[in-house]
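Asks: Listed below, chain by chain, are the residues.
Number of protein chains: 2
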Amino acid sequence: MHLGKEHSHIENDPNYKGLIVNKGVEQPPSVNPDAARRFLQKRPQELTLAQYVDGILAGDITILSRAVTLIESSLPKHQELAQQIILKCLPHSGSSVRLGITGVPGAGKSTFIEALGLHLIEKGAKLAVLAIDPSSERSKGSILGDKTRMESLSSTPNAYIRPSPSAGSLGGVARKTRETIILCEAAGYNTIFIETVGVGQSETAVHSMVDFFLLILIAGAGDELQGIKRGIMEMADGIAVNKADGQNIQKAQLAKTQYSNALHLFPPTRSGWIPRVETCSSILSEGISNIWDMVEEYMHKTKSNDFFNQNRREQAQYWMYESINEKLKNNFYHNALIKNKIAEIEPLVNSGQISSFEAARELLELYNKQV
Amino acid sequence: MHLGKEHSHIENDPNYKGLIVNKGVEQPPSVNPDAARRFLQKRPQELTLAQYVDGILAGDITILSRAVTLIESSLPKHQELAQQIILKCLPHSGSSVRLGITGVPGAGKSTFIEALGLHLIEKGAKLAVLAIDPSSERSKGSILGDKTRMESLSSTPNAYIRPSPSAGSLGGVARKTRETIILCEAAGYNTIFIETVGVGQSETAVHSMVDFFLLILIAGAGDELQGIKRGIMEMADGIAVNKADGQNIQKAQLAKTQYSNALHLFPPTRSGWIPRVETCSSILSEGISNIWDMVEEYMHKTKSNDFFNQNRREQAQYWMYESINEKLKNNFYHNALIKNKIAEIEPLVNSGQISSFEAARELLELYNKQV
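If you read the sequences in order, they're chains B and E.
Following the working numbering, the numbering of the first sequence begins with 3 at its first residue and continues without gaps.
Following the working numbering, the numbering of the second sequence begins with 3 at its first residue and continues without gaps.
Think of the hints as simulated: they come from the structure by calculation, not from any bench.
Incorrect hints may have been included.
Computed Cβ-Cβ distance ranges for the label pairs, DEER-style [to be verified]:
1) E:E367 to B:E288: 51 to 59 Å
2) B:G274 to E:D56: 57 to 65 Å
3) E:K341 to B:G61: 37 to 45 Å
4) B:H336 to E:R314: 25 to 33 Å
A short, non-exhaustive set of chain E residues, derived as facing chain B with CB atoms under 8 Å [to be verified]:
5) Q85
6) E181
7) A264
8) E348
9) N352
Positions of the beta carbon are idealized from the N, C-alpha and C atoms, including for glycine.
Same shape as in the complex, but just chain B:
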């Protein structure tokens, strides 16, 4: 759009009546050339395997984060490098306490993690907080997506917070998180929290990679439980009844008694540990140390009866098999011909026109012809 004659032209034209645009002052460059140079220098360079491993073992958070990004990447080149890093880190991993934390949204999980995390860091711990939330792609990261949820913790040097890997299936997300545990442990984090939302399948995955599984509930056994998936309560090694503060204290105590009685009816755990219920207030940081005492007692008990090591070995095997099974299924279900055939055959199964097993047989026959 032409708003007026250029100043230089009209400067010497006394008859000009139009809009006069004054010559402006030269604008400073929008980018500080010094800063740009520094930024370019700081830009991630390709690191060698040795640089990654040394950096992680030295506890360098930036390098740790970049290695985790490799784990999360789907590029084959990145995956290969990630596997080599993990292999080198494995001998330096394994000596942490791995704590799974679940609870429905609204139970105060992040406040709890912040309170417990700060308590442990005060006692000298190095804490990594990871998450498994396969829905995070859809929900744009419902948990740990926003570090500001744990403001104090995320500004503490001895805490490393990493949101859930967002891509893909539960199996994929779980694999990435489990590999990240190894790197975090090699980087010196002696306490690992794995957060998850107690509404999906992900609890089983988390349960299979932690030593202790903690369920966060709130007082009033009614509507608050609506979102918790059936079966999760039986997985718990401990329950924390959160928000036991102010007018809630009595209700929380009552809930504690009720849950204790319920847990008492469950068959004993394989660990020989009897799950316990404690109340706490994350906001007031009250009762938080009791909950950690429970975890430590559990660790002591399972390390002396050797369940701890046995469980870790079984978990390692579990993940090997899980990982194979996941891949076998992916290959099958991502096959284009199979996809089409499933779309065609599923309605017939639903309406009882062919049996589930005959449908499976036809699909497998089609698949075997191809590979």
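Following the hints, put chain E in place on chain B, whose structure we already have.
Replies: The following block gives chain E in isolation, referenced to the frame of chain B:
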């Protein structure tokens, strides 16, 4: 061996001093020729597909049993015929009540099944009792292996009792049982019990093929629960506290209250149904009708909110996918090279020398090179 001269020779020889064998009376044939002829006539002839289907639809127990034997056979020829029979029976199946029954040995499962079964048959039901017990090959059929466990029921014309298929993996056993359900329904059985022992993985399989899942417990929440697998209680749509008789009545009532309170703490089921606890005495046949009332109430509720149909559709899909996944895994893990490699790599995973995921990758690479 020659014991003496033949009678005919020595008859006319007065000087003979040796052993004389008297001519014997001709023995009657050890096989009654009439019976043998009848037996040969009755001996299973190869039936045609149409004969199988017509027989099943006419409620012929002998033909039904032979068809189930085809389902259980591992011969490809039998499998193919079985699938054709199932296909023809499918349109005539689906209209029964499918009840899963679990409980540890000692809870009185078979007495309970007998009591409930006779109660239903008296009311006009046709009952098929099936079982899933993948351990039965090893334990020589710990459940339903011996029909004499349910004497009165097994001598009732309207009851069909079939022990657990004994061969192979849980997936295989479960498939066979699920296919047997179809044939039983087509044969006019309007009530199907699937029995399982509450100690293994099989409950999930049973839970995925029944409408209502009943857990049998006994009074005294202590040692009796030792054997029940964690997680099973949360699957139950109802609990029967059995052996509520004699001096046990009060204990059973107390147990009922405790379990009710515990169930109340669980999150609601997807069906919208609130699981209930009832006491009963199978030996005295007391309280048995209450338990069936509970099942009928459940059926009414889930049929009116459409959970019933939705659940059945989901179950059909579940079995299609389960069946595929099972087969994919079988192909992999039964591969000879893979077996050797697993034996080699598992100790490395256990001792943390290589990561679970790297081990999985190597195994898959080896497998893909072959197929």
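Asks: Now tell me, hint by hint, if it's right for this structure.
Replies: Structure-based check of all given hints:
1. E:E367 to B:E288: 51 to 59 Å: holds, 53 Å
2. B:G274 to E:D56: 57 to 65 Å: Given about 58 Å between the Cβ atoms, the range holds.
3. E:K341 to B:G61: 37 to 45 Å: With a Cβ separation near 42 Å, K341 of chain E and G61 of chain B satisfy 37 to 45 Å, so the hint holds.
4. B:H336 to E:R314: 25 to 33 Å: Once the Cβ atoms are compared, 28 Å apart, the range 25 to 33 Å for R314 of chain E and H336 of chain B holds.
5. Q85: holds, 5 Å
6. E181: Result: holds, 6 Å to nearest chain B Cβ.
7. A264: Since the shortest Cβ distance to chain B is 4 Å, the answer is holds.
8. E348: holds, 7 Å
9. N352: Interface hint status for N352 of chain E: holds (5 Å vs cutoff 8 Å).
Violated hints are absent here; each numbered hint is respected by the structure.
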